[in-house]
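Chains A and B, in that order, are what the protein sequence lines are. Under numbering that gives the first Met the number 0, the first sequence has 234 at position 235, and the numbering climbs by one with no breaks. Under numbering that gives the first Met the number 0, the second sequence has 45 at position 46, and the numbering climbs by one with no breaks.
Note that these hints are calculated values from the structure, not bench results. Be aware that a few hints might be false.
Said to hold, decoys possible - A few chain B residues facing chain A, derived, Cβ under 10 Å:
hint: 1; residue: ILE89
hint: 2; residue: VAL92
hint: 3; residue: SER95
hint: 4; residue: ASP140
hint: 5; residue: ASN143
hint: 6; residue: THR144
hint: 7; residue: PHE153
hint: 8; residue: ALA155
hint: 9; residue: THR156
Don't be surprised by glycine CBs; every beta carbon is placed ideally from N, CA and C.
So the chains spell out like this:
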Amino acid sequence: MQSTLTARTDQPVKSGRKFTLRQDLTGYIFLLPWLIGFVVFTLGPILASLYLSFTNYDLMTMPEWVGIFNYNRLLTRDARFAQSMSVTFTFVVTSVPLQLIVALGIALVLNRGIRGLPWYRALFYLPSLLGGSVAIAILWRQVFGNDGLLNQILLIFGIEGQSWIGSPDTALSTLIVLRVWQFGSPMVIFLAGLKQVPQSLYEAANIDGANSVQQFFKITLPLITPIFFFNLVLQMISAFQAFTPAYIISDGTGAPADSTLFYSLYIYIQGFRYFRMGYAAAMAWIMLIVIVFFTILNFGLSRFWVFYGDED
Amino acid sequence: MTVQRNRSLSLIPKRWPIHLMLILATVIMLYPLLWMVSSSLKPETEIFESSGLIPSQLTFSNYVNGWTALQTPFTRFYINSFIIVIVSVIGNVLTSSLTGYAFARLEFRFKRIWFSLMLMTLMLPFHVTLVPRYIMFNELDWINTFLPLVVPSFMATQAFFVFLNVQFIRGIPRDLDEAAAVDGANKWDIFRRIIFPLSMPALITTAIFSFIWTWNDFLSQLLYLNKTELLTVPLALRQFVSAMDQSSFGQLFAMSTLAQIPILLFFVFGQKYIVEGIATTGFKG
Numbered sequence: 000m001q002s003t004l005t006a007r008t009d010q011p012v013k014s015g016r017k018f019t020l021r022q023d024l025t026g027y028i029f030l031l032p033w034l035i036g037f038v039v040f041t042l043g044p045i046l047a048s049l050y051l052s053f054t055n056y057d058l059m060t061m062p063e064w065v066g067i068f069n070y071n072r073l074l075t076r077d078a079r080f081a082q083s084m085s086v087t088f089t090f091v092v093t094s095v096p097l098q099l100i101v102a103l104g105i106a107l108v109l110n111r112g113i114r115g116l117p118w119y120r121a122l123f124y125l126p127s128l129l130g131g132s133v134a135i136a137i138l139w140r141q142v143f144g145n146d147g148l149l150n151q152i153l154l155i156f157g158i159e160g161q162s163w164i165g166s167p168d169t170a171l172s173t174l175i176v177l178r179v180w181q182f183g184s185p186m187v188i189f190l191a192g193l194k195q196v197p198q199s200l201y202e203a204a205n206i207d208g209a210n211s212v213q214q215f216f217k218i219t220l221p222l223i224t225p226i227f228f229f230n231l232v233l234q235m236i237s238a239f240q241a242f243t244p245a246y247i248i249s250d251g252t253g254a255p256a257d258s259t260l261f262y263s264l265y266i267y268i269q270g271f272r273y274f275r276m277g278y279a280a281a282m283a284w285i286m287l288i289v290i291v292f293f294t295i296l297n298f299g300l301s302r303f304w305v306f307y308g309d310e311d
Numbered sequence: 000m001t002v003q004r005n006r007s008l009s010l011i012p013k014r015w016p017i018h019l020m021l022i023l024a025t026v027i028m029l030y031p032l033l034w035m036v037s038s039s040l041k042p043e044t045e046i047f048e049s050s051g052l053i054p055s056q057l058t059f060s061n062y063v064n065g066w067t068a069l070q071t072p073f074t075r076f077y078i079n080s081f082i083i084v085i086v087s088v089i090g091n092v093l094t095s096s097l098t099g100y101a102f103a104r105l106e107f108r109f110k111r112i113w114f115s116l117m118l119m120t121l122m123l124p125f126h127v128t129l130v131p132r133y134i135m136f137n138e139l140d141w142i143n144t145f146l147p148l149v150v151p152s153f154m155a156t157q158a159f160f161v162f163l164n165v166q167f168i169r170g171i172p173r174d175l176d177e178a179a180a181v182d183g184a185n186k187w188d189i190f191r192r193i194i195f196p197l198s199m200p201a202l203i204t205t206a207i208f209s210f211i212w213t214w215n216d217f218l219s220q221l222l223y224l225n226k227t228e229l230l231t232v233p234l235a236l237r238q239f240v241s242a243m244d245q246s247s248f249g250q251l252f253a254m255s256t257l258a259q260i261p262i263l264l265f266f267v268f269g270q271k272y273i274v275e276g277i278a279t280t281g282f283k284g
């Protein structure tokens with residue numbers, strides 16, 4: 000379970016390069032659909048967007064080489080770009096830790112041999128399946144709207160609500176809540192990880208007289224740090240790319256006052272509303288660099304807190 | 000033996016606070032969903048008057064009126080969504096399995112490099128391919144067709160599914176392949192007669208996730224489809240929400256509720272495969 004990300008290499012490593020032509024041919028025939036897809040839909044487009052990021056291109060006329068103009072403008076003169084960066088960072092650094100803590104907390108409770116575990120697990124997981132859809136974003140708009148569900152409930156307690164979606168101070172928070180609401184998928188991964196912790200360790204700890212708090216900090220927590228790390232990497236990458244809820248809540252504008260102008264939304268606006276393809280491509284490459292940077296940073300920092308036991 | 004935890008004896012009676020807490024958490028979490036469903040069954044005037052779940056009178060008029068609230072009835076949008084979803088599912092299942100077999104079982108030059116590249120695409124933000132893909136499909140004249148949405152799925156472009164199948168196929172005993180090879184089966188026979196049928200659980204997981212993701216997909220449908228007769232359910236909902244006046248919240252809720260039903264069905268009947276899928280590969284849903 001620890002190393003789900005790096006694939007198992009359980010087949011014997013062939014010594015030297017002893018592949019026959021026939022083997023190569025068979026292998027590549029089976030690989031062909033993926034290989035074509037990889038070149039045409041992934042590798043080609045990545046390189047093409049790198050090229051386009053140095054051009055002006057509006058789909059109508061030929062791309063015009065402008066050097067680093069797009070990058071220069073983005074990083075020094077585009078206030079909305081800075082805003083979209085800040086919105087996205089705020090979103091990632093608040094929603095991901097919150098989501099993971101809730102996921103771990105509930106997983107720990109469920110892991111104590113609770114009766115009805117499959118039911119709880121299923122119900123907690125449900126929002127993760129529905130959460131990214133347009134329908135749920137629409138629901139969110141109504142829940143946090145002016146006369147939405149939240150304000151109706153607040154009114155019971157005599158509190159006069161406001162339009163949470165409509166206020167620049169709170170609009171982003173509603174999207175953070177929406178993401179935390181989808182804690183079910185990391186929770187299921189935590190549960191699978193918790194099951195892997197050998198029961199014998201707890202038994203030994205019991206014999207040594209360790210209480211349950213000590214057991215949590217000395218056994219459970221260190222042993223699930225790889226799972227935590229894995230969830231962290233995945234959720235961060237996916238949070239950076241959030242699009243649908245922000246689009247629906249703000250009618251595709253990032254309103255109010257650009258407070259929900261997610262990075263993805265701004266790329267969409269530049270590329271497909273203003274048809275500034277080169278500009279959008281430059282933004283995409285900046286996003287790629289940011290994500291690669293954070294992933295490497297995550298892996299680098301993991302040496303200090305992720306515990307890779309040698310018990311298996 | 001003396002220090003056994005006596006779980007079954009002492010803990011269960013003490014557990015009701017935990018259950019109470021969990022049930023409370025479940026209710027809070029699911030309340031917005033229940034509110035959506037109940038609002039869709041309330042008369043329009045009642046929706047924003049109470050946060051309660053029980054309608055004073057049950058009405059299905061929101062469903063009837065919502066279905067035809069846009070110029071084109073939702074029938075068209077559901078047909079479009081289902082076409083895209085079903086074709087994508089077929090493509091994903093077939094080619095992820097084929098690719099999974101190549102990576103898990105066959106030996107060929109540069110396999111490791113391709114495999115690492117495939118794993119890297121798992122982490123690739125979609126932004127970097129967005130613009131060039133659009134330009135390419137535009138050049139091909141595929142805008143306002145379903146092709147940009149379904150063709151990539153026939154080329155195993157979803158690395159998650161490939162990875163899932165690789166992991167699963169690695170778990171199938173090699174003896175079976177070898178026995179078949181002794182009987183003169185070639186690689187294609189082995190794939191078709193042994194690996195493909197035996198990896199059914201992984202294929203079902205692939206199909207379910209591929210259904211749910213394609214059904215929920217919004218951005219690519221937004222980019223490639225903008226004629227009314229081509230709109231899908233999410234796109235139609237978006238139109239609904241932006242063209243809406245104050246009096247049609249009930250209808251909006253009704254259509255939003257309906258849009259979740261296919262996913263709910265998979266959720267109810269595909270539980271096992273969904274949970275196993277995330278737990279064995281460790282990826283999100």
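Hint check results:
no.: 1; hint: ILE89; result: 13 Å, violated
no.: 2; hint: VAL92; result: 12 Å, violated
no.: 3; hint: SER95; result: 9 Å, holds
no.: 4; hint: ASP140; result: 13 Å, violated
no.: 5; hint: ASN143; result: 14 Å, violated
no.: 6; hint: THR144; result: 16 Å, violated
no.: 7; hint: PHE153; result: 7 Å, holds
no.: 8; hint: ALA155; result: 4 Å, holds
no.: 9; hint: THR156; result: 5 Å, holds
Checked against the numbered hints above, the structure violates hints 1, 2, 4, 5, 6; every other hint is satisfied.
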